[in-house]
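Participant: Take a look at the letters that make up each chain.
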Amino acid sequence: MKITRKDFLRISGLSLLAAGCKRAAESVSQPASSVRAASTQPVRWGMVIDLSKCREKDGCNACIHACNAAHNIPQIANHAHEVKWIWTEPDATVFPSAQTDFAPQTVTETKVPLLCNHCANPPCTRVCPTQATWKRDDGIVMMDWHRCIGCRYCVAACPYGSRSFNFEDPRPSIESINPDFPTRTKGVVEKCNFCEERLARGLKPACVDACPQRVFTFGNLADPESEPRQLLRERFAVQREPELGTGPSVFYLV
Amino acid sequence: MLMLDKALKGSRRYWMWLLCLLCVIVAGLCFYLRQLNQGLGITGLSRDVSWGLYIAQFTFFVGVAASAVMVVLPYYLHREKQFARVTILGEFLAIVSVIMCILFIFVDLGQPSRVLNIILYPSPRSLMFWDMVSLSGYLLLNAIVAFVTLRAEREETPAPRWIKPLAILSIPWAISIHTVTAFLYSGLAGRSFWLTAILAPRFLASAFSSGPALLILLCLALRKLTAYDVGKDAIRKLAVIMTYAMTINVFFVLVEVFTVFYAAIPEHTVHFEYLYLLGGGHNLAPWMWVSAIFAIAALVILFTPAWRRTQLPIACILVFTSLWLEKGLGLIVGGFVPSPLGAIAHYAPSLPEWTIVAGIWSVGAFLITVFYKIVLSVREEVES
Amino acid sequence: MRDRVWIFAGLAFFVAALTCPAWYAVANGKASNKSKPPNLELPANQKECVAPAGTMRAAHMQMLIQWREDVVRHGDRRFVAFNGKVYEKSLTRTCLGCHNKEQFCDRCHAYSGVSDPYCWNCHNDPQTVAGSRTRSTP
Ligand code: SF4
Ligand code: SF4
Numbered sequence: 001m002k003i004t005r006k007d008f009l010r011i012s013g014l015s016l017l018a019a020g021c022k023r024a025a026e027s028v029s030q031p032a033s034s035v036r037a038a039s040t041q042p043v044r045w046g047m048v049i050d051l052s053k054c055r056e057k058d059g060c061n062a063c064i065h066a067c068n069a070a071h072n073i074p075q076i077a078n079h080a081h082e083v084k085w086i087w088t089e090p091d092a093t094v095f096p097s098a099q100t101d102f103a104p105q106t107v108t109e110t111k112v113p114l115l116c117n118h119c120a121n122p123p124c125t126r127v128c129p130t131q132a133t134w135k136r137d138d139g140i141v142m143m144d145w146h147r148c149i150g151c152r153y154c155v156a157a158c159p160y161g162s163r164s165f166n167f168e169d170p171r172p173s174i175e176s177i178n179p180d181f182p183t184r185t186k187g188v189v190e191k192c193n194f195c196e197e198r199l200a201r202g203l204k205p206a207c208v209d210a211c212p213q214r215v216f217t218f219g220n221l222a223d224p225e226s227e228p229r230q231l232l233r234e235r236f237a238v239q240r241e242p243e244l245g246t247g248p249s250v251f252y253l254v
Numbered sequence: 001m002l003m004l005d006k007a008l009k010g011s012r013r014y015w016m017w018l019l020c021l022l023c024v025i026v027a028g029l030c031f032y033l034r035q036l037n038q039g040l041g042i043t044g045l046s047r048d049v050s051w052g053l054y055i056a057q058f059t060f061f062v063g064v065a066a067s068a069v070m071v072v073l074p075y076y077l078h079r080e081k082q083f084a085r086v087t088i089l090g091e092f093l094a095i096v097s098v099i100m101c102i103l104f105i106f107v108d109l110g111q112p113s114r115v116l117n118i119i120l121y122p123s124p125r126s127l128m129f130w131d132m133v134s135l136s137g138y139l140l141l142n143a144i145v146a147f148v149t150l151r152a153e154r155e156e157t158p159a160p161r162w163i164k165p166l167a168i169l170s171i172p173w174a175i176s177i178h179t180v181t182a183f184l185y186s187g188l189a190g191r192s193f194w195l196t197a198i199l200a201p202r203f204l205a206s207a208f209s210s211g212p213a214l215l216i217l218l219c220l221a222l223r224k225l226t227a228y229d230v231g232k233d234a235i236r237k238l239a240v241i242m243t244y245a246m247t248i249n250v251f252f253v254l255v256e257v258f259t260v261f262y263a264a265i266p267e268h269t270v271h272f273e274y275l276y277l278l279g280g281g282h283n284l285a286p287w288m289w290v291s292a293i294f295a296i297a298a299l300v301i302l303f304t305p306a307w308r309r310t311q312l313p314i315a316c317i318l319v320f321t322s323l324w325l326e327k328g329l330g331l332i333v334g335g336f337v338p339s340p341l342g343a344i345a346h347y348a349p350s351l352p353e354w355t356i357v358a359g360i361w362s363v364g365a366f367l368i369t370v371f372y373k374i375v376l377s378v379r380e381e382v383e384s
Numbered sequence: 001m002r003d004r005v006w007i008f009a010g011l012a013f014f015v016a017a018l019t020c021p022a023w024y025a026v027a028n029g030k031a032s033n034k035s036k037p038p039n040l041e042l043p044a045n046q047k048e049c050v051a052p053a054g055t056m057r058a059a060h061m062q063m064l065i066q067w068r069e070d071v072v073r074h075g076d077r078r079f080v081a082f083n084g085k086v087y088e089k090s091l092t093r094t095c096l097g098c099h100n101k102e103q104f105c106d107r108c109h110a111y112s113g114v115s116d117p118y119c120w121n122c123h124n125d126p127q128t129v130a131g132s133r134t135r136s137t138p
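Chains as they are written, first to last, in my numbering: chain L, 1 to 254; chain D, 1 to 384; chain Y, 1 to 138.
Please note that a few of the clues may not be correct.
Unchecked claim - With a cut-off of at most 20 Å between alpha-carbon atoms, the simulated DMTMM-like pairs for lysine to aspartate or glutamate come out as follows:
hint: 1; chain 1: Y; residue 1: K89; chain 2: L; residue 2: D144
hint: 2; chain 1: Y; residue 1: K89; chain 2: L; residue 2: E243
hint: 3; chain 1: L; residue 1: K135; chain 2: Y; residue 2: D70
hint: 4; chain 1: Y; residue 1: K89; chain 2: L; residue 2: D58
hint: 5; chain 1: L; residue 1: K135; chain 2: Y; residue 2: D76
hint: 6; chain 1: L; residue 1: K204; chain 2: Y; residue 2: D76
hint: 7; chain 1: Y; residue 1: K101; chain 2: Y; residue 2: D76
hint: 8; chain 1: D; residue 1: K9; chain 2: Y; residue 2: D3
hint: 9; chain 1: D; residue 1: K373; chain 2: D; residue 2: D5
hint: 10; chain 1: Y; residue 1: K101; chain 2: L; residue 2: D144
hint: 11; chain 1: D; residue 1: K6; chain 2: Y; residue 2: D76
hint: 12; chain 1: L; residue 1: K135; chain 2: Y; residue 2: E69
Keep in mind the hints are simulated off the structure, nothing from the lab.
Using the sequences and the accompanying hints, generate a full structural model.
Facilitator: What follows is the structure, given as structure tokens:
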């Protein structure tokens, strides 16, 4: 058989195209999320934070230390490059639209713990070009640090400032490394994972267990009998900026 | 196919110019290697301002790329013969701009080695995926149209018939690249500065003035430096397009300002206050005012019959600089400050960042020089 | 024919650039000790791996990537080995629970010229970091 140069180029171009299409078709048809046993009841992990209990022990930060130690969070001196999973901000910052005029400083300046809300309809996963961040069937918004290309689109999309980018290698800034959890590398985005690795072993998140005041109530929001659902029935709670339609899974009792 | 041989014969001046550009490219490359090694921490970016000069420059050059439509459309759709000599220059400008855009995105990535994940795990829900599709498609379209017509010209045959549909397809495609780029920003719930339906129209208006401004300047430079003249008519038409587009752009900005300040919702006003409030210690504010003053000055020149023709280069420079400041800097940074948590984080590009940007600009200048050299040599050959 | 010298200089440069890794290796004396295989330290407390040695040698990277996908993306951590034993899919807990990274992984990787795969940019060797703190048990 004789092939001219033109034919050769044409054939190889077409086969490349075909291979590309096949690949694309495969990845589109892949099931998007997890293969968690379909038979079990629906799960949506969520958390209720009782601020009145938290206020009683001002300046405690046990939850933050527990998280930092469990997840190898670097303590970076430069504010611009900080990495945070759970931290505190003044009440007025966390709930900007829930402020009343003439509120006393004691209220606007109390420290409120904040973390990723594991939104029911998360804008961060919607924008990710690689599905490096996605919502699992149990409601946890996960990060895949193997896949993240560091475009920081999710950082721009999250309306709660929950995401941190690794501007530098975090390892030198980690006091003591917990070998059971990976550190991250420079150039990827990270955030709270609701202690997915502990949930898999039947434990509660590290912050929940660490809090001496039992401020955090963690459980399945899809189950009407769960602890957080009971609390939400009994007391008045708020979410952070629910008007954005993100459906935060973290609730605050004020 | 690429007729690169044409780019290899040039005057001393041509080679010196390319050499200078190469030096800047190498400088940029050195800083990029450092960024690769140390992470994006060497830029001025921060947790709160997570996109900066790179992405802003990307946005600006998507606009320049899209503006090629302003010569392609009259030439291919309305058979405006005046544009015969400038159309291909516009197409090459689009090609180079798209390449620059791709480079700007690339240097912005934290993990550039994984960039193919965008293709391996295509995510049609992400606008970034569509941006990639539309930009690469646009690059391909323009490259085919430009090189095939040029080749036909060299062989003194009419361009193949299938070129015209491709050129016409590139018109809506150009609109799409800039619309999708605007949607990147305007679809984000927490960023009220961008959360406005006028963002895409505004992007297009500013694109259709900054692009022609640059194209006019390039044509004038060609006339000065070489014997190639695109013709007075073409330049005049381009200037008219630029004037209209700039007027519309200013109008859109004012519409936005009215809505924001009359409604006076703090969430929306804070961003404008951050960008334009002088004396608040905001480092961008003086530059935003320079941009505004340049825009007005440009319009004054362009609307005054006595100056319109004589001062055209100055008007073009004013338009280009004004929009470069507005879109290539303020528009992105302004969306991040204040942050959703109300933090005012100052952002100033660092020296490595500026150098890398200069490097990419030089890549652009290098490529445009080579491409224009090819076009000019081919045309010279045909004409002689 | 004036260009001949340029053409040959260019060709020579191209060939040199193409073969430079080989020269580099020779210069560093790396190529010479190819003959003697690395001395790998096997775990003392275990006789059996999660798959036969041959499979592990040939395909541990594919297996690790499969584990990674299963754990991170599907929350599936249970691995049933060829002999019916159940393991946790974990580099740090399972692999490095028995193997010593420095005396096993690193030696062979260095020998094969693939030292420092980027796994270690994030994942830790419990033996080197354990000194800094007692292991937390999440
Ligand atoms: S809080 Fe932010 S990061 Fe967390 S799920 Fe919601 S949008 Fe995503
Ligand atoms: S930074 Fe990573 S997780 Fe965030 S959008 Fe980009 S690829 Fe996805």
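Participant: Each hint needs a verdict: does it hold in this structure or not?
Facilitator: Hint check:
1. Of the supplied pair hints, the one linking Y:K89 and L:D144 holds, its CA atoms being roughly 16 Å apart against a limit of 20 Å.
2. Under the criterion of a C-alpha separation no larger than 20 Å, the hint pairing Y:K89 with L:E243 is inconsistent with the structure, at around 41 Å.
3. Restraint check for L:K135 and Y:D70: satisfied, since their Cα atoms lie roughly 15 Å apart, inside the 20 Å limit.
4. A distance of roughly 41 Å separates the Cα atoms of Y:K89 and L:D58; the hinted pair therefore is violated under the 20 Å criterion.
5. The straight-line distance between the Cα atoms of L:K135 and Y:D76 is roughly 16 Å, inside the 20 Å bound, and the hint therefore holds.
6. Using a Cα cut-off of 20 Å, the hinted pair L:K204 and Y:D76 holds, with the two alpha carbons roughly 18 Å apart.
7. Simply put, Y:K101 and Y:D76 have alpha-carbon atoms about 25 Å apart, too far for the 20 Å limit, and the pair is violated.
8. Straight-line distance between C-alpha atoms of D:K9 and Y:D3 comes to about 15 Å, which keeps the hinted pair within the 20 Å bound.
9. With a C-alpha separation of about 10 Å, the suggested pair D:K373 and D:D5 falls inside the 20 Å cut-off, and the hint holds.
10. Of the pairs offered as hints, the one joining Y:K101 and L:D144 is violated, with about 24 Å between alpha carbons and a cut-off of 20 Å exceeded.
11. A C-alpha spacing of about 60 Å is found between D:K6 and Y:D76, which places the hinted pair above 20 Å, so the restraint is violated.
12. With a C-alpha separation of about 15 Å, the suggested pairing of L:K135 with Y:E69 holds against the 20 Å cut-off.
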